[in-house]
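Asks: Here is what each chain is made of, one letter per residue.
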Amino acid sequence: MYSEKVMDHFQNPRNVGVLADADGVGQVGNPVCGDMMTFYIKVKGTRLADVKFQTFGCGAAIAVSSMVSEMAIGKTLEEAMAITNEVVAEELGGLPKNKLHCSNLGADALHAAIQNYKDRQVGFAAPVKTIEEHEGHEEECHCPYCESPIAAGGETFCTACKVNLIECPACGGITKAGEPCLHCGAETKQA
Amino acid sequence: MRRRYFDHIAATPVHADVLAALLPFVRETFGNPQSLHSDGQAALMAVDEAREKVAALLGSKPDEVIFTSSGSESNNFALKGLAQAQQARGKHLVVSAVEHPSVLNAAKSLERQGFRTTVVPVDRFGRVDPADVEKALMPETSLVSVMLANSEVGTIEPVAEIARVCRARKVLIHTDAVAAAGAIPIDVKALDVDALSLAANPFYGPRGAAALYVRKGVRILPLIEGGLQEGGRRAGSEDVPAIVGLGKAAELAGERLEARRAEAVALRDRLLAELPRRVERVVVTGHPTERLPYHASFCVEFIEGEAMLLHLDMQGISVSSGSACTSKSLKASHVLLAMGLDHALAQGSVVFSLIEGTPAEDVDAVLDAFPPIIARLRKMSPLWTKYLQEKK
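Top to bottom, those sequences are chains A and B. If you read the first sequence in our numbering, its first letter stands for residue 147, the second for the next number, and so on. If you read the second sequence in our numbering, its first letter stands for residue 684, the second for the next number, and so on.
Hints in this document: simulated from the structure, not taken from any laboratory. Take the hints with a grain of salt, since some may be wrong.
[Stated by the list, open to error] Label pairs and their computed distance ranges (CB to CB):
hint, chain 1, residue 1, chain 2, residue 2, range
1, B, Asp1047, A, Phe270, 53 to 59 Å
2, A, Gln157, B, Ala843, 44 to 50 Å
3, B, Arg807, A, Met227, 44 to 50 Å
Remember, it's a predicted structure, so these values are computed and weren't measured experimentally. The beta carbon of each residue, even a glycine, is placed where N, CA and C say it ideally should be.
With the hints as extra help, turn the sequences into a complete structure.
Replies: Take a look at the structure:
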């Protein structure tokens, strides 16, 4: 299921921990989605002197966090901002399709930490924000009935199997409009 | 490294006696039971004998047993076949929120044909309240389906009481006994159900072998139409080796049910009691006592199931999880959510289901190996850090 590189980072995650005197902190995800990551950064000059993370999530989420931390240390802030979730997945030798949007949010968490640092630099005691909807969420969604990717921009029609999809009001899962939710059985309205 | 297998609910090995019983029907006695010649008749005898054995396990008559190919087929057959046969009475079904997807999705398929479904809730132990079923019944209700035991949390449902409610209102009741058959005693007369699904693999029979009990006199429409096999209720040439295997497995399960149960309960109870004692913030899911003998399930707070599963796997221990990350749909188990667990807690789902002959030392190995894995994953969890800060 997972590449050797993913399993290596999962088994021996690099840079796990909390930086008590972090210059920036970023959080991404929520437990409903399955994964949550917190990144801590220490900045020296224009470079990331240290990066640590904590992750609640599956094997992919832990490996992604570890990989991002390894890629980021020593980079300039600008270089670190250029790390994308796609590049991280590539570095890991690929991730299973269904993990791409859910677990691959390490770069987002790193960017949030850098943004938090920049906010602090300009003098605002910025609270640590949690980004619940990460970049590329819509692009990476898949139809729960046929697993085809669902088009970007909140489109709620699966063109592959011709099903009207909505987010279940009860559990947030993607399901067919007007039928009991595929995931929790709750009644849903016609879109 | 010797593997320690705790995933009964996913698959069990075929019992040696079952394999020995079915093998001659692969090549030697290979005839088609529908053939009139001796080769066919020998196969027919074996099928009839298997039917008697399954009937004996259930306390039914042999001709009330219809062979199918899987528990999912049996469930689809029961829901669609019974609901469609009862259309004149009405088009309303009642199912529980914790049913197997083969029941829930069959009900959804019927909805596309104009049926309506009421999903009754469960309590925090995963139990259906018969009073809720009674409330859900309407004049046009034709079928109720509530499982006998749930494979994800092990909870045994009060099916006999629900059947009484249905009987009083003259509504048919089906129960999915795939997780329960062979593990707890089943008597269809005492349960008073009209239909019951079972599959061979959970009690050490081959996969691809299953059955649906349908009470004599209850009309059911075939799911698979064609020839007159299985009394015209399920077409397709009989899979004789699978059926013979199911029969033998049913016979063995019936003979050794009590002994096997006592053994499994002791190990199960050790897991259920010890793990939460050794590790803080670990909760047992499902009912503490009304549960399958081989089944121990938990939610570990602050960490995620797939990560636990992978670490246990690396130490030679096979388990399953109902976490979103371990499912193809990436949604947390509908069973855990129906029991009122929040998403974060449901993510920490881990299920240990014992197979026959699981040595006591394997349970000890789990109790030794698992707490350090939990500690390791918690150390990297932001939720655990938050919990520790709040505790201070």
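Asks: Each of the hints needs a verdict: does it hold here or not?
Replies: Now the hints, each set against the structure:
1. For the hinted restraint 53 to 59 Å between Asp1047 (chain B) and Phe270 (chain A), the CB-CB distance of approximately 55 Å keeps it satisfied.
2. At about 49 Å, the beta-carbon gap between Gln157 (chain A) and Ala843 (chain B) stays in the expected band of 44 to 50 Å.
3. Distance hint check for Arg807 (chain B) and Met227 (chain A): the Cβ-Cβ separation is about 46 Å, which falls inside the suggested range of 44 to 50 Å.
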